[in-house]
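Generate coordinates for the entire structure from the input sequences, incorporating the hints supplied.
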Amino acid sequence: MPTRPDLATLRKLAIDIRQDILRAIAKAGSGHPGGSLSMVELLIGLYWCALRHDPKNPAWPERDLFLLSKGHGCPALYTVLAFQGYFPKDELMTLRRYPTRLQGHPERNSPPGVEIAAGSLGQGLSMANGIALADRLDGRRRRIYCLLGDGEIQEGQVWEAAMTAHHHKLDAVCAIVDANQLQQNGPVKDIQDIEPLPEKWRAFGWQAIEINGHDLAQVLGAYEQAAAVKGQPQVVIARTVKGKGVSFMELNPAWHGVAPKPDELERALNELEAARA
Amino acid sequence: MADKPTRDGFGEGLLELGRTNPSVVALSGDLEDSARAIWFKKEFPARFFSVGIAEQDMIGTAAGLALMGKIPFACSFSQFVTGKALEQMRLAVCYQRLNVKIAGSHGGLSVGADGATAESLEEFAILRSLPEMAVVVPCDALEARKAAIAAAAYPGPVFLRLGRAPTPLVTTPDDPCAIGRANVLRDGADVSLVACGIMVAHALGAAELLAKDGVSARVINLHTIKPIDRATLLAAARDTGAIVTAEEHSVVGGLGSAVAEVLVQEHPVPMRFVGVKDRFGTSGDPAQLLKAFGLMPEDIVKAAKDLLRLKKTAVGSRL
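Here the protein sequences come in this chain order: A and B.
FYI, numbering that gives the first Met the number 0 numbers position 54 of the first sequence as 53, with every residue one higher than the one before it.
FYI, numbering that gives the first Met the number 0 numbers position 239 of the second sequence as 238, with every residue one higher than the one before it.
Be aware that one or more of the hints could be misleading.
[Stated by the list, open to error] 27 angstroms max Cα-Cα, derived BS3-like pairs, lysine-lysine:
| hint | chain 1 | residue 1 | chain 2 | residue 2 |
| --- | --- | --- | --- | --- |
| 1 | B | K225 | B | K276 |
| 2 | B | K41 | A | K168 |
| 3 | A | K168 | B | K83 |
| 4 | B | K304 | B | K290 |
| 5 | A | K199 | A | K88 |
| 6 | B | K145 | B | K225 |
| 7 | B | K304 | B | K211 |
| 8 | B | K83 | A | K199 |
| 9 | B | K145 | B | K41 |
Hints were generated in silico from the structure; no laboratory data involved.
The structure displayed is predicted, hence computed values, not measured ones.
Below you can see the structure in the form of structure tokens.
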């Protein structure tokens, strides 16, 4: 179990992680930088604070679970797992290149710490529900977090799962929506509007908590608030910025699924470095 | 013994599993009565999960249960779970190599009067193409009961195709049902009839008719389409030199294709496919439909006789 660092340390960590995400995607020559950069604080809040987990024992039966449903954000997950010690950081540079454990979209247990496969959108929340039902049968108490994209929740299966979690009162389940405003072909509001998000989830029987997803204090507060809820599932609606931290990537749909070229990588790393001061 | 639907045998097997294996759980989307999972639900309400009319979520939820070591049986209509939840079976179940069992009831034309939208005629082709997925089609209620129990013991994803209409019992309580191992129900030297589901009974009927004409037909119950029993099929090809396949399913990509994939590479012999000819179903009494769609013993006999003629020609003997 990691000890809980202060917010200033976590903010610096967010910069390190963003830099390594971009290095890995640049080396791979492909990948999804925008949606990886938007979810960094959401993962830091989990892996450094909210989750009970043990990088030395990834299969610890009592661990809390994190399920990445928006599979294209896996460079962020891989980087966080490497920083946590689940596998060597060097391996990040094998992303997407044969033969590698770091698949372009995640494969279960590859590397250790990756709980589920993802990449065909909309599937993680159903699995979270199944885990919660099994835990209830077995008398096991733990938290199950599932991170979804805002574009992803256009998938009908997400709302099937939302109804199932409500019907079975799965209070162990906490969905996190990385509401980074963009999807592949443009703003979510233009492709297919999904707002109002908190009201939608509340109408489906969920406790909804809306935050700025880049404000670590709010992120940690939301996870604590969600964990205290009894008798209903919770959703953290994290308002974020796609491409966060790199000016030319922020809220620019062109950076959904394109790797930075060497000069772009250098500019991005420098910008992130400058934010450290 | 009286005819009985394979779904009933499955329901009995699931109930027995409930009593003997605490890891077994079941899910359904408002079709637990149709798929006969309702008997399990009544006795083990805490281990049965209703997910609403939502096949995709049902399979995803089953995957989550399997991630925690449960052996979930997800029960639906064969058509609806195959058609709607293919992506979930592919990613959440097969790619993750999870121990999820999928029971598809009302398979083939057995749903009869409900018509084409519920009649599943393509799922063998679709599901056997998924890596890791076993595809099992019990031939009668006795075998369906055993298949449910064998599926729970089998490591990995299994799809069980079940029928709604009562069908003849052609196996005995003592016959084995091992996933991946075909059963030879009748030996013969002139032609082999390879079938699954209801068509096993019709193949046995065809063998009787052929015997009256002096033709000796081997009947193979290929209840597992995948993983396929190569040894039994190759022996049949070698020993009889002609194969008729019979399935209550499209001739595109189903049991016949699976058998041909083995034989054409390792021991090619003349073949005929008895099945639904690349078309949709229609409303009617299931027995009527089997006749209309050319799935009767007489249709198998005709195919076998075609082959016997072919065997005598230059083309046939060269093979």
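Hint check:
A hinted pair counts as satisfied when its Cα atoms are at most 27 angstroms apart, and K225 of chain B with K276 of chain B qualifies at roughly 22 angstroms. In summary, the hint linking K41 of chain B to K168 of chain A is supported, as the alpha carbons are separated by about 21 angstroms, within the 27 angstroms threshold. Distance check on the hinted pair: K168 of chain A and K83 of chain B sit about 25 angstroms apart at the alpha-carbon level, within 27 angstroms; holds. For a cut-off of 27 angstroms, the pair hint linking K304 of chain B to K290 of chain B stands: about 19 angstroms separates their Cα positions.
Between the alpha carbons of K199 of chain A and K88 of chain A the distance comes to roughly 39 angstroms, so the proposed pair goes past 27 angstroms and is violated. Simply put, K145 of chain B and K225 of chain B have alpha-carbon atoms about 17 angstroms apart, close enough for the 27 angstroms limit, and the pair holds. The hinted pair formed by K304 of chain B and K211 of chain B meets the criterion: a straight-line CA distance of about 13 angstroms does not exceed 27 angstroms. Distance hint between K83 of chain B and K199 of chain A is fulfilled; the C-alpha atoms sit about 24 angstroms from each other, no more than 27 angstroms.
Only pairs whose Cα atoms come within 27 angstroms are accepted, and K145 of chain B paired with K41 of chain B is accepted, the gap being roughly 21 angstroms.
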